[in-house]
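S.K.: Chains A and B supply the protein sequences, listed in that same order.
In terms of my numbering, the first sequence opens at residue 1 and continues consecutively.
In terms of my numbering, the second sequence opens at residue 349 and continues consecutively.
Because the hints were derived from the structure by calculation, they are not lab data.
Where hints are given, some of them may not hold.
Straight line, CA to CA, 27 Å or less: simulated DSSO-like cross-link-like pairs of lysine-lysine [as the list claims (entries may be wrong)]:
#, chain 1, residue 1, chain 2, residue 2
1, A, Lys40, A, Lys254
2, B, Lys467, A, Lys40
3, A, Lys331, A, Lys210
4, B, Lys583, B, Lys612
5, A, Lys344, A, Lys40
6, A, Lys241, B, Lys467
7, A, Lys210, B, Lys612
8, A, Lys344, B, Lys467
9, A, Lys344, A, Lys331
10, A, Lys88, A, Lys254
11, A, Lys88, A, Lys343
12, A, Lys254, A, Lys210
These numbers were taken from a predicted model, which means no experiment stands behind them.
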Amino acid sequence: MKPARDVGIVGYGAYVPRYRLPASEVSRVWMEGQAGLPIKEKSVPGLDEDTCTMAIEAARNALARATVPPQALRAVWVGSESHPYAVKPTSTIVAEAIGATPQVSAADWEFACKAGTEALLAAMGLVGSGMADYAMAIGTDTAQARPGDALEYTAAAGGAAYIVGPREDSLAHLEGACSYVTDTPDFFRRAYQHYPEHGGRFTGQPAYFKHVTSAVRALFDELGYGPEDFAAAVFHQPNVKFPQQVARVLGFSKEQTETGLLASEIGNTYAGSSLLGLCAILDEANPGDRILVASYGSGAGSDAFSFVATDLIRERQGLAPRTRAYIARRKLIDYGSYVRYRKKLVVH
Amino acid sequence: MRDVSIIGIGQTAVGEHWERSLRDLAVDAIEAALKDAKVESVEALYVGNMLSGELVAQAHLGALIADWASLGPIEAMKLEAAGASGSAAIRVGYMSVASGIQDMVVVCGVEKTTDTDAKTVNASWSFALDGAYEASQGLSVTAIAALLMRRYMHEFGVQREDFAPFAVNAHQNAVNNPHAMFRRPISAEAFAGAHMVVEPISMLDAAPMCDGAAAIVLCPSERAGEFASKPVHIKASAVATDRLAVHSRADPLLLRAAQVSAQKAYQQAGIEPHDIDVFELHDAFTIMSALSLEACGFAERGEGVRLAQDGDIAIGGRIPISTMGGLKARGYPIGATGVYQIVELVYQLRGEAGANQVECQLGMAQSLGGSGATAVTHILEAE
Chain A
1 MKPARDVGIV GYGAYVPRYR LPASEVSRVW MEGQAGLPIK EKSVPGLDED TCTMAIEAAR
61 NALARATVPP QALRAVWVGS ESHPYAVKPT STIVAEAIGA TPQVSAADWE FACKAGTEAL
121 LAAMGLVGSG MADYAMAIGT DTAQARPGDA LEYTAAAGGA AYIVGPREDS LAHLEGACSY
181 VTDTPDFFRR AYQHYPEHGG RFTGQPAYFK HVTSAVRALF DELGYGPEDF AAAVFHQPNV
241 KFPQQVARVL GFSKEQTETG LLASEIGNTY AGSSLLGLCA ILDEANPGDR ILVASYGSGA
301 GSDAFSFVAT DLIRERQGLA PRTRAYIARR KLIDYGSYVR YRKKLVVH
Chain B
349 MRDVSIIGIG QTAVGEHWER SLRDLAVDAI EAALKDAKVE SVEALYVGNM LSGELVAQAH
409 LGALIADWAS LGPIEAMKLE AAGASGSAAI RVGYMSVASG IQDMVVVCGV EKTTDTDAKT
469 VNASWSFALD GAYEASQGLS VTAIAALLMR RYMHEFGVQR EDFAPFAVNA HQNAVNNPHA
529 MFRRPISAEA FAGAHMVVEP ISMLDAAPMC DGAAAIVLCP SERAGEFASK PVHIKASAVA
589 TDRLAVHSRA DPLLLRAAQV SAQKAYQQAG IEPHDIDVFE LHDAFTIMSA LSLEACGFAE
649 RGEGVRLAQD GDIAIGGRIP ISTMGGLKAR GYPIGATGVY QIVELVYQLR GEAGANQVEC
709 QLGMAQSLGG SGATAVTHIL EAE
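Between the sequences and the hints, there should be enough to build the whole structure, so can you do that?
M.R.: Next comes the structure, spelled out in structure tokens:
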């Protein structure tokens, strides 16, 4: 998929909350310390944080880098699986908070962990069609996992915002995108359920691996590329093993994927996952670097993008806090504090 | 009583068959077996399966699979003996032909564990134990095996790492089995460092839950030559049971059902253990390999591990086991397993085992249910 006019990323911004819960803490409480640990530690939102507050800070960082006024945005779209309201968009709160209202489209997106890249893809279309010059797409989540479940080790919080604009203003321009979607119920939550359900090993080969590899291979075919054409690649990161394995399967080297692989240090930020990884890559990219991004959302699907960093990237990288700065800003908490912050304690 | 021979075999790959249902797998295996036997119709179907009700909400497998495999309005039923279900179905198929009641029978073992979550699979598998006194008290099949392994280590001064050869041998053999679930070799070091499941049982002691189906076609030996160039004769078929709960047994480290059924089988066949050239045993756990070898007379009590350490269980050894990967590496699709063991022995006795070929005339297969309360033993002979 390519837009009618060339577009790209004009600004990007990350956000990761400061609290960290070591995976060893989850293991200590639930498995007498005997569990295998899929990551080192995960980010935990504070008592006053949610998908919306994180989206706002990420959006402000993106605006700082984009150097466009918020009134220039014609869309503010937030993708998440933890929108604060079932009905009432996160996007309007964010749009108002950053000064983008009222002449703006605002809408919430949902497709599990790929809600953010969906919004990004649509923003590329909005700008690429000429309907708007600037559109903002955000992926943020404060993921919840059932206490004691395997996903509790990794369900984390964070996300990133991207401003899409014309190629001439872009720090990275879009070469093309592909989506691969099937109806595969590997992970889901009904409206009346508090915690999601997942299919155990079914979330592996038939879900994550099938969709990510299919989207990336479709993109390779469409653009005529192979893994060797990319300086960096980032995949959806529910843990450390899956993105490393899918990178190997697709032919990428460890060097190509290490900059964007954040899961060990912050966990799975769901709709923010691949987008935060992309922020980390953009923070260090050189002009001409080709970057692959492939998200994954349960249900299931993958969005794959190819970006190329432009000459504008160097002057924009330092205009807002870098991803690594957010990752380094950490405060360790124990499981008890975690349970309190995530409101998992029911007080009768 | 007539002699019975195996004239056709079929199997699906063992693994996680996300795209195939239980009935799909069964039909795949049956079609392959009928094709191998060059037979178009059978008179009866016996299905071996343990957990279809619990895991895929489907009972009544005999009728279902006869229907789905287009076998016609034939006699069909499911046989269940926990992990020995597949072998139990073979036992009944054998009796059906040996008695003269049927002339052409297909036996299919099938299990589908991936349609539900792992917790449900493990909880359901525990129905193989004594529900009132073992499972309801929190014991799982793995936990029982762990207790046996710990007692064995204590009584015979064996270390956990000493059990490695059983797993290493199984994985090594699976490299050459295209139907096996795990086809990479493992090292003794990997075994020693493996993650604990229920101490002292580690990830590399225990066979994997998975999906699979295997089938064989049986007919009277006197007619086998019409269908198969290399029919395999069932020389012995014997079943025995033991006290269900381990704590009821006089000697928990004696698999008495295995011993009794093996002895009955040797007697039927008119042979001694040393006449057996290849043994497909029930290696759901490495401890069960050791105990099976001892119960069936291949090693003295407490010496089973030493047999493995001396290399006697390898393809070129004195008593090769798990020659296509065994339960550990080919996989353990519970109720289907007994039929896989027979299929693999048939390859051996036909001389079609490729790189894993054992020089053999007599092969033995033994399936155990639960912690060994049922044992089904068959001895096969190359014709």
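S.K.: Now tell me, hint by hint, if it's right for this structure.
M.R.: Hints, one by one, checked against the model:
no.	hint	verdict
1	A:Lys40 x A:Lys254	19 Å, holds
2	B:Lys467 x A:Lys40	25 Å, holds
3	A:Lys331 x A:Lys210	37 Å, violated
4	B:Lys583 x B:Lys612	12 Å, holds
5	A:Lys344 x A:Lys40	22 Å, holds
6	A:Lys241 x B:Lys467	22 Å, holds
7	A:Lys210 x B:Lys612	51 Å, violated
8	A:Lys344 x B:Lys467	23 Å, holds
9	A:Lys344 x A:Lys331	20 Å, holds
10	A:Lys88 x A:Lys254	42 Å, violated
11	A:Lys88 x A:Lys343	22 Å, holds
12	A:Lys254 x A:Lys210	21 Å, holds
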